[in-house]
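*Asks:* For the record, the sequence lines run as chains S and Z.
Sequential numbering from 1 applies to the first sequence in this note's numbering.
Sequential numbering from 1001 applies to the second sequence in this note's numbering.
Calculated directly from the structure, the hints in this document are not laboratory data.
Just so it is clear, CB atoms sit at the ideal spot from N, CA and C, and this is done for glycine as well.
None of the hints are false.
Covered by chain S, per the in silico footprint, the following chain Z stretches (three or more residues, Cβ under 8 angstroms):
1) 1038 to 1049
2) 1146 to 1157
3) 1184 to 1196
4) 1226 to 1237
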Amino acid sequence: MPPPILRIQWQYNTGRFGRAGCSRFTIESKRMPMTLLGASEKGEKKAGLFDRLRQAVASTKAQLVERIEQIVEGREAIDRQVLDDLEAVLIGADLGVKTTTEILDHLRNQVDRRQIRDPQQLRSALEREILAILEKPAASAAARQQPPAGQPEVIFAVGVNGVGKTTSIAKLANFYLQQGRRPLLCAADTFRAAAIEQLEVWARRLGVEIVKQKAGADPSAVLFDGLAAARRHHADPVIVDTAGRLHTKYNLMAELEKMCRIAGREVAGAPHQVFLVIDATTGQNGLQQARQFLEHAGATGIILAKLDGTAKGGVVVAIARELGLPIQFVGVGEKLDDLLPFNPREFVASLFEA
Amino acid sequence: MFEALQDKLQRVFKNLRTSGVLNEETVDEALREVRLALLEADVNLKVVKDLLDRVRVKALGEEVKASLSPAQEVVRIVRDELIEILGSKESLLTFSREYPTVFLIVGLQGSGKTTTSGKLALWLSKRRKRPMLVSTDVYRPAAREQLAVIAQAVGIPCFVGDGLTSPIEIALAARKDAADRGHDVLIVDTAGRLHIDEELMSEVSELRTRLRPSEVLLVADAMVGQDAVRSAQEFHERLGTSGVILTKLDGDARGGAALSIRYVTGQPIKFIGVGEKYDALEVFYPDRIVSRILGMGDVLSLIEKAEQAIDKQKALDVHRKLQTDTFTLADFRDQLRQVRQLGPVDQMLGMLPKIGFFRDLGKARVDEKQFIRMEAIIDSMTKKERERHEIINGKRRKRIARGSGTSVQEVNQLLRQFVQTSRLMKSMSRSMLGRQLDKVKLPGATAS
Chain S
1 MPPPILRIQW QYNTGRFGRA GCSRFTIESK RMPMTLLGAS EKGEKKAGLF DRLRQAVAST
61 KAQLVERIEQ IVEGREAIDR QVLDDLEAVL IGADLGVKTT TEILDHLRNQ VDRRQIRDPQ
121 QLRSALEREI LAILEKPAAS AAARQQPPAG QPEVIFAVGV NGVGKTTSIA KLANFYLQQG
181 RRPLLCAADT FRAAAIEQLE VWARRLGVEI VKQKAGADPS AVLFDGLAAA RRHHADPVIV
241 DTAGRLHTKY NLMAELEKMC RIAGREVAGA PHQVFLVIDA TTGQNGLQQA RQFLEHAGAT
301 GIILAKLDGT AKGGVVVAIA RELGLPIQFV GVGEKLDDLL PFNPREFVAS LFEA
Chain Z
1001 MFEALQDKLQ RVFKNLRTSG VLNEETVDEA LREVRLALLE ADVNLKVVKD LLDRVRVKAL
1061 GEEVKASLSP AQEVVRIVRD ELIEILGSKE SLLTFSREYP TVFLIVGLQG SGKTTTSGKL
1121 ALWLSKRRKR PMLVSTDVYR PAAREQLAVI AQAVGIPCFV GDGLTSPIEI ALAARKDAAD
1181 RGHDVLIVDT AGRLHIDEEL MSEVSELRTR LRPSEVLLVA DAMVGQDAVR SAQEFHERLG
1241 TSGVILTKLD GDARGGAALS IRYVTGQPIK FIGVGEKYDA LEVFYPDRIV SRILGMGDVL
1301 SLIEKAEQAI DKQKALDVHR KLQTDTFTLA DFRDQLRQVR QLGPVDQMLG MLPKIGFFRD
1361 LGKARVDEKQ FIRMEAIIDS MTKKERERHE IINGKRRKRI ARGSGTSVQE VNQLLRQFVQ
1421 TSRLMKSMSR SMLGRQLDKV KLPGATAS
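Go ahead and model the full structure; you've got the sequences and the hints to work with.
*Replies:* And the structure:
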């Protein structure tokens, strides 16, 4: 594979936005060959999407569906034992007690009314129940605010520590690049050691512009610079990396509120999207996280990261049910194109596909 | 930490407390609620089942009769079982005879390995060890830089290994370097990996074979759900982990992962991460955490802290003064100072049992600076004013405000608070507090 052609340019900014230590690291590149970015060949791409999702959730499927099949197999009637086992499976998938109970109540109802007669029908009924929960918020997500003409769309990635925000941002940038847009990364995680460097490496690999300041700088200042740079260079969208913060830390959540205010002041309606990144291994605490990030940062959707493990990320079902937050992307691997737009129907279908 | 679970259990046992006799029905009712509470705290389903089965057998057995009240008996049984699962005392690190002792830090992506490595190094260096750090994460961008930055922040040397690209090479070179430079501990940070990633698991397994670490520490996120058990078990089977470090315990809810991981792998939880600062690593005390889960608050920790900070004699004086109605602003100031010595106030409030009077205190956000201002106001008073607060009139208030750099409003507020506090404490010292303190043997209660 030939090395990518890169032209790296350092600018020391002394102009309007030239706060001390503010520099921009601009990389122009003839776009790297797709294979370097970890993308599959273009031709395969369309057919591959569903397959990859299916592959990614294969372990989930093994856990969930096969256990359900074990449960219903050879059973003549839906008795208490069947439903108890089902409950165990759903709780084991991190759907949580409340959501599980609601789903089971619905199923029990249908059994009582003879709409479900034999255990084999349970699976499709269960599929319908989960799909209904996931599809509800997806419908409302379509009507989100657009940036004014000529202004960049501003996207925040937020979440607790270690969920995969920075990696998800790199994948997001790649996603928008492939749509023909010109994303700009904004390194507003100035707290964690080497977070800026990590994002820089991704920017270099992707060949996208990055705006940063020194570690320890005010994240709102970095954001301000990022938005200014995006307008100057007609970049769109601006993807803002934020420091991981536990949702219980009052001051850090207030800092996030401030960043949202600054963004809104600079670009009407910004941040237009606030993606809450949730680790698929997260348990019921995910609900608390979503609640707090919804309240303080107006989260608009969820990126479910690390779905390639054995964890099922079932807490997002609970989040969709209780808070109406739609899942917008799922992260299914470590490569740049391992971020898939979330489609409830495909997701559930791949979960339940025989 | 653990508040949510604590809240739930408290609600359950509150009902149980009032329901009188303990029969099969009440036990089952209570255990159903306990089950829900534990599940919502992400305790693994299997673990919950086992635990409740054991409790049920014991609760319905003869032991019940020996207790003071049936409800207390159930609390005790649940608590004992939780302690048994978590191990009854803290677990220490093992060091090897030959230098350097190697600690291998492993875990899933984003669990907090690198930060924890830095914290552990700092913790060791405070205990007369000379640790060295090395990162073998050659995969994630800027991972090695991250450890280098942390190492610099905590003042621990970090082996860089320029030009080396394989984890094994880096680790072996680091071990040699550490030995050459007389470091007694080498902490090896590894890349985050999924327990089902065959390639990376055999890589770390080879690291383990070559380095022969005396501890293989699994770093696990406290927020993890039902899957915690699967990954912990896999890591244990492949690498023979010797202990667990549970991170991000400064968030809310949970407690589940601690129980599940311990139960399934049998490996002790050695440390907990409780904050973003590098000194926010604490030795894990199972019995204390269990008390916390059960809503008894971390009374043990609180007492220990209180004993260090509070002058017993002064506490006794306050108690006597309250009873004889001579509690003055000077005493109030002493109390403010002692409270501040205990450490961050909100952290302390979190340790109190979440019942009755204290119920919502844990949620309060306390402004530390407020204490400093209050002290300044009292400092600006004359001795006479401190002894007899009634004499502080408008003119005196103005002077006090000027002297302390505050406003008359703030002086007024402080005086109101003082009056309220002395009233509250008087009534508390007569009734509830006296009894409560007697029970936990807090200094200050001994006089009553």
